[in-house]
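Participant: Chains A and B supply the protein sequences, listed in that same order.
Each number in the working numbering corresponds to the 1-based position in the first sequence with 1 added.
Each number in the working numbering corresponds to the 1-based position in the second sequence with 73 added.
No lab work stands behind these hints, which were simulated from the structure alone.
These numbers come from a predicted model, not from an experiment.
It cannot be assumed that every hint is accurate.
[Unchecked claim] Capping the alpha-carbon separation at 25 Å, the derived lysine to any residue pairs in SDA-like fashion look like this:
1) 27/A <-> 232/B
2) 109/B <-> 191/A
3) 230/A <-> 192/A
4) 256/A <-> 99/B
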Amino acid sequence: MTDIHPLQYTATQIRRRVVTMAARGKTPHIGSALSSVEILAALYFHALHQDPANPELPGRDYFVLSKGHGCMAWYATLAQRGYFSNEVLETYALNGSCLGEHPSRHCAPGIEFTTGSLGHGLALGAGLALGARLSGSRSRAFVLLSDGECEEGSIWEAAMVGAHHKLDNLVAIVDYNKIQAMGRTHDISAVAPLSDKWQAFGWAIREVEGHDVGAVVEVLDKVPFAPGKPSVIVAHTVKGRGVSFMEDDVLWHYKSPDESELAAALAELD
Amino acid sequence: MRKAFTQTLAELAESDPRIIVLTADLGFGLFEALSKRCPDQFVNVGVAEATMTGMAAGLALQGRIPFTYSIVPFATARCYEQIRNDVCYQNANVKIVGVGAGYAYGPNGPTHHGIVDAAIMRALPNMTVLSPADPIEADLATRAAVAHQGPVYLRLGRGGEPVLHASPPDFRIGRGIILREGQEATLIATGSIVSVALDAAVQLEAQGIGTRVVSMPTVKPLDVALVEACVRESRVVVTLEEHTVAGGLGSAVAEAAAAIPGVRAPVRIFGIPDRFAHTVGDQAYLRELDGLTTSRIVDAILDVLATS
Chain A
2 MTDIHPLQYT ATQIRRRVVT MAARGKTPHI GSALSSVEIL AALYFHALHQ
52 DPANPELPGR DYFVLSKGHG CMAWYATLAQ RGYFSNEVLE TYALNGSCLG
102 EHPSRHCAPG IEFTTGSLGH GLALGAGLAL GARLSGSRSR AFVLLSDGEC
152 EEGSIWEAAM VGAHHKLDNL VAIVDYNKIQ AMGRTHDISA VAPLSDKWQA
202 FGWAIREVEG HDVGAVVEVL DKVPFAPGKP SVIVAHTVKG RGVSFMEDDV
252 LWHYKSPDES ELAAALAELD
Chain B
74 MRKAFTQTLA ELAESDPRII VLTADLGFGL FEALSKRCPD QFVNVGVAEA
124 TMTGMAAGLA LQGRIPFTYS IVPFATARCY EQIRNDVCYQ NANVKIVGVG
174 AGYAYGPNGP THHGIVDAAI MRALPNMTVL SPADPIEADL ATRAAVAHQG
224 PVYLRLGRGG EPVLHASPPD FRIGRGIILR EGQEATLIAT GSIVSVALDA
274 AVQLEAQGIG TRVVSMPTVK PLDVALVEAC VRESRVVVTL EEHTVAGGLG
324 SAVAEAAAAI PGVRAPVRIF GIPDRFAHTV GDQAYLRELD GLTTSRIVDA
374 ILDVLATS
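Sequences and hints are given; from them, build the entire structure.
Facilitator: Structure representation (structure tokens):
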């Protein structure tokens with residue numbers, strides 16, 4: 002059994018960084034970042050075969066943040082893991098920085114792929130997984146999607162081809178926070194039933210409580226869930242998780258905390 | 074500009090039931106008046122730009138006037154083949170709206186920069202490309218788009234652009250708007266960066282260089298007659314756009330100028346160099362990095378005048 006207490010602590014540290022970044026950079030998408038924190042903590046502090054001291058490690062696992070707008074949590078996780086310094090993190094979204102509101106390839110160590118237009122990441126991941134297999138590498142490709150993003154047709158094209166080519170080194174994780182830019186996902190399109198869709202497309206599925214870091218670790222340890230099939234983890238999450246007044250509210254797709262909101266958020270994240 | 078557009082569109086939609094607005098899950102809070110007053114004339118199709126554009130073509134081919142709405146790259150490049158085949162080839166009466174032209178979404182990074190849209194939209198047969206400079210032109214361009222039969226691409230800023238017109242100008246698709254007169258040099262600009270051209274003209278005037286400024290809210294079809302007048306009457310013509318130098322307003326003006334026989338002024342194109350931004354910054358910061366500033370334009374014009 003993995004001792005999950007350090008991971009819970011790490012998740013809180015990541016959240017503290019995220020709310021601080023959003024306040025300083027006056028940037029949106031804090032809710033989308035906060036819903037991914039346990040997933041990123043479990044990946045970077047447990048599951049991914051990577052080395053912060055050697056971001057080009059041969060045979061490393063790949064990570065694609067297909068929901069690029071959630072990048073505050075990813076940048077914070079990478080800094081926490083030692084890929085780059087706090088000084089770099091603190092420039093986030095400021096003039097002259099390398100860290101934008103969506104990630105760019107090689108803008109900082111550990112960031113290998115440009116994203117920000119939704120619906121691109123799963124195909125990129127399928128290419129990485131196919132390439133790894135062709136070259137005899139044990140690399141796996143992990144792709145973090147949002148639920149709203151699953152409205153893009155290109156997600157389902159990649160899902161089909163990934164299953165056809167039996168890419169069991171391809172892992173999709175859906176951050177299923179049930180809110181997208183204009184409102185509740187289920188009020189906008191028929192994303193549900195999500196797991197049934199992935200199953201119909203030939204993927205092996207696990208659903209998980211996405212803020213139970215121990216459960217996320219456990220499920221990540223089991224990929225591939227079935228030999229010869231790509232794996233998908235449908236992670237049930239809450240937008241804005243960890244800060245009571247940001248939770249499950251579409252407004253925090255847009256707002257950034259002011260001084261008093263930042264202080265209140267940090268007080269909750271102690 | 075964005076607010077002028079949504080207000081005008083809501084007003085037009087109320088009196089014209091053919092208008093229907095589709096968004097790919099963007100425009101939070103912008104379409105509330107429209108969706109409340111005309112609930113059947115507003116659909117959020119979700120994060121699905123290709124489907125939004127194809128649906129718009131289907132609606133248009135029944136006689137409706139659909140608008141599609143997203144951030145510039147997602148309204149244009151993300152669904153380019155639907156625009157090419159479903160909209161333009163079938164000459165469907167679809168109005169495509171891209172918000173955040175140029176570096177308006179600067180800190181969002183290169184995926185959100187609207188820097189090639191005018192070029193790729195201009196390349197499509199049947200497409201009209203509108204690029205208003207301020208909220209007043211945005212209002213008039215929205216009305217013109219509805220009145221025009223056929224595909225239109227409407228390239229908008231994100232918001233907060235200064236008003237450049239004291240009163241509504243005579244706005245017609247295919248016509249430039251002369252904002253100030255001057256004998257020596259001409260600046261032809263499009264989009265919100267027209268304000269920079271006006272600032273440059275003021276500085277040049279102070280140095281005795283009379284400078285005409287043209288706002289070119291229609292990139293296609295270009296006002297060729299006005300371009301001809303400018304290259305014949307001025308000693309130098311400079312184009313300015315917050316868009317790549319490959320294929321946008323500057324290219325359109327240069328193509329037109331090249332076809333004009335006889336003595337004519339040299340044309341200099343100011344725009345975004347042929348490269349992606351790799352530095353994070355807001356709109357003003359990224360304009361500065363690319364040299365799209367008043368002082369650089371003034372220097373370029375003085376340079377050409379000194380050597381010609």
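Participant: Each hint needs a verdict: does it hold in this structure or not?
Facilitator: Hints, one by one, checked against the model:
1. A hinted pair counts as satisfied when its Cα atoms are at most 25 Å apart, and residue 27/A with residue 232/B qualifies at roughly 17 Å.
2. Only pairs whose Cα atoms come within 25 Å are accepted, and residue 109/B paired with residue 191/A is accepted, the gap being roughly 23 Å.
3. At roughly 22 Å between alpha-carbon atoms, residue 230/A and residue 192/A fall within 25 Å of each other, so this suggested pair holds.
4. A distance of roughly 15 Å separates the Cα atoms of residue 256/A and residue 99/B; the hinted pair therefore holds under the 25 Å criterion.
Comparing the model with each earlier hint shows no violations; every hint is respected.
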